[in-house]
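*Asks:* Now for the letters of each chain:
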Amino acid sequence: GAVVSQHPSRVICKSGTSVKIECRSLDFQATTMFWYRQFPKKSLMLMATSNEGSKATYEQGVEKDKFLINHASLTLSTLTVTSAHPEDSSFYICSARRRTNTEAFFGQGTRLTVV
Amino acid sequence: GDSVTQMEGPVTLSEEAFLTINCTYTATGYPSLFWYVQYPGEGLQLLLKATKADDKGSNKGFEATYRKETTSFHLEKGSVQVSDSAVYFCALSDMEYGNKLVFGAGTILRVKS
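Sequence order for the protein chains is A and B.
Heads up: the first sequence begins at 5 in the working numbering, then just goes up one per residue.
Heads up: the second sequence begins at 159 in the working numbering, then just goes up one per residue.
Please keep in mind that the hints were generated in silico from the structure rather than gathered at the bench.
As the structure is a prediction and not an experimental result, all values here were calculated from the model.
Do not take every clue at face value.
[As the list claims (entries may be wrong)] In silico SDA-like cross-links for lysine to any residue, where the CA-CA straight-line distance does not exceed 25 Å:
(1) K24(A) to D92(A)
(2) K45(A) to D212(B)
(3) K226(B) to T106(A)
(4) K258(B) to V118(A)
(5) K258(B) to F32(A)
(6) K46(A) to V118(A)
(7) K18(A) to F32(A)
[Said to hold, decoys possible] Computed list of chain A residues with no C-beta within reach of chain B, every gap over 12 Å:
(8) V23
(9) S47
(10) K68
(11) K70
(12) S87
(13) D92
(14) V118
(15) V119
Here a beta-carbon is modelled for each residue, glycine too, at the ideal position from N, C-alpha and C.
Next up, chain A with everything else stripped away, as it sits in the complex (with noise of 0.2 Å):
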């Protein structure tokens, strides 16, 4: 299978700081990208659709103003976490795909801690 690689895997932040959480595809090209956020015991919860070169796409009850999503080259999207709080501590996930109704592949996940 193909390879995304996010990161960091952990990062601890501050109140009030921003974190920015990359996800690369490092063999395809990746027109589209999705971040998820889980909340322990909880599933997987979609926060965004991103496709290369355009705005993306939030889930309802996502604030796009404090998730910013980027996804400036076909291998790669960034996550920003604007002015973190300790609510926004979570585990973040990107996956990516080729294209549209084909297999998406996985980053490992990064845990966000905000103290």
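Model the placement of chain B on the given structure of chain A, informed by the hints.
*Replies:* Relative to chain A, chain B alone:
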């Protein structure tokens, strides 16, 4: 909206035991169903899938059958190994929902030697 419910873990088994992880779903359309596995420190990997009723997905000794009448897709393996220890996610993809993946909460499986 669409949703997936899977059994809570952790599930702890001895090596060579039989495994069942239950998964049920609700969907407005006719979804495809998936099982993903996440080994420690790695990303989710597709384990198996089924795209229509009565299909059986299988891989690495794991099986799951798409049961429309019971809206279920239970994961089974006849004899687990320590290396099967991981988190297992049931998911669906529904054209009515833009083909986005909807996940269950995940079930931790621990296999003891």
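*Asks:* Next, verify each hint and record whether it holds.
*Replies:* How the hints compare with the structure:
no. : hint               : result
1   : K24(A) to D92(A)   : 13 Å, holds
2   : K45(A) to D212(B)  : 30 Å, violated
3   : K226(B) to T106(A) : 23 Å, holds
4   : K258(B) to V118(A) : 29 Å, violated
5   : K258(B) to F32(A)  : 20 Å, holds
6   : K46(A) to V118(A)  : 19 Å, holds
7   : K18(A) to F32(A)   : 35 Å, violated
8   : V23                : 20 Å, holds
9   : S47                : 5 Å, violated
10  : K68                : 17 Å, holds
11  : K70                : 21 Å, holds
12  : S87                : 28 Å, holds
13  : D92                : 20 Å, holds
14  : V118               : 22 Å, holds
15  : V119               : 23 Å, holds
Hint violations for this structure: numbers 2, 4, 7 and 9, all remaining hints satisfied.
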